[in-house]
Amino acid sequence: MNQLYPSQLLEKAVAEFSKLPGVGRKTALRHVLHMLRQDDEEVRRFAEAIVRLKGEVKYCSVCHNISDTDICPICADQRRDSKTVCVVENIQDVMAIENTQQYHGLYHVLGGIISPMDGIGPADIEIDSLVRRVEQGGVEEVILALSSTMEGDTTNFYIFRKLAHTDVRVSVIARGISVGNEIEYTDEVTLGRSIQNRIPFGG
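Number 190 in my numbering belongs to position 134 of the sequence shown; there are no gaps in the numbering.
Hints listed in this document are in silico derivations from the structure and should not be mistaken for laboratory results. Quick caveat: nothing in here was measured; it's all calculated off a predicted structure. Be aware that one or more of the hints could be misleading.
[Stated by the list, open to error] BS3-like mimics (lysine-lysine), calculated; alpha carbons at most 30 Å apart, straight line:
1. Lys-114 with Lys-218
2. Lys-82 with Lys-110
3. Lys-82 with Lys-139
4. Lys-114 with Lys-75
[To be verified] Okay, the calculated beta carbon distance ranges per label pair:
5. Met-173 with Glu-112: 14 to 20 Å
6. Pro-172 with Gln-94: 26 to 32 Å
7. Glu-154 with Met-91: 16 to 22 Å
Beta carbons: idealized from backbone N, C-alpha and C, even for Gly.
Full structure from sequences and hints, please.
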């Protein structure tokens, strides 16, 4: 049974909020009613932050991380180990690894993993740009830090094969992370140890 709303504006706002991942219509209604209780300035700041995010956010031209500038602060930081590149699926994984404070190299954000069931192939994610980055020289190790799933393992193997013609060392994070787990939901201690105890990727 469809819920009846006293206002079409309310209904429209609830419909938009419910498009967010993990937000059902009941939760969306609570969010919308919360916004209605805020003063105009608070709501304006909220709306402005979303509009500016969409209009002004950039993707790093080197690693594809989200950034306010053409090159993200991590890639621009001269103190980072530029010889080591950690390959991750998404922005959340960068944040999770950074929170461990155990890794001091650079990143490469694929923007997804190979998943034929979802129609995602190698050409749909940033694998070719990773290969070009390695071919340009200066990278000595590529760490594959993808989720321990069938799709993650498939992507690892594909990248390993694509880098086979280079001299780069390819390693994978240790399996302290349970099979099937996603990087962003792994606790910081386990994730940090998995990075530190990485092993050579054997294909």
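Okay, the hints, checked on the actual structure:
Restraint check: the Cα-Cα separation between Lys-114 and Lys-218 comes to about 27 Å, which is no more than 30 Å; the hinted pair holds. With a C-alpha separation of about 26 Å, the suggested pair Lys-82 and Lys-110 falls inside the 30 Å cut-off, and the hint holds. Taken as a hint, the Lys-82 and Lys-139 pair is broken in the structure, with Cα atoms around 49 Å apart against an allowance of 30 Å. Using a Cα cut-off of 30 Å, the hinted pair Lys-114 and Lys-75 holds, with the two alpha carbons roughly 23 Å apart.
Restraint check, Met-173 to Glu-112: a C-beta distance of roughly 34 Å breaks the suggested window 14 to 20 Å. Judged by the Cβ atoms, the range 26 to 32 Å given for Pro-172 and Gln-94 is violated: they are separated by roughly 45 Å. At about 31 Å, the beta-carbon gap between Glu-154 and Met-91 misses the expected band of 16 to 22 Å.
Consistency note: the structure conflicts with the earlier hints numbered 3, 5, 6 and 7.
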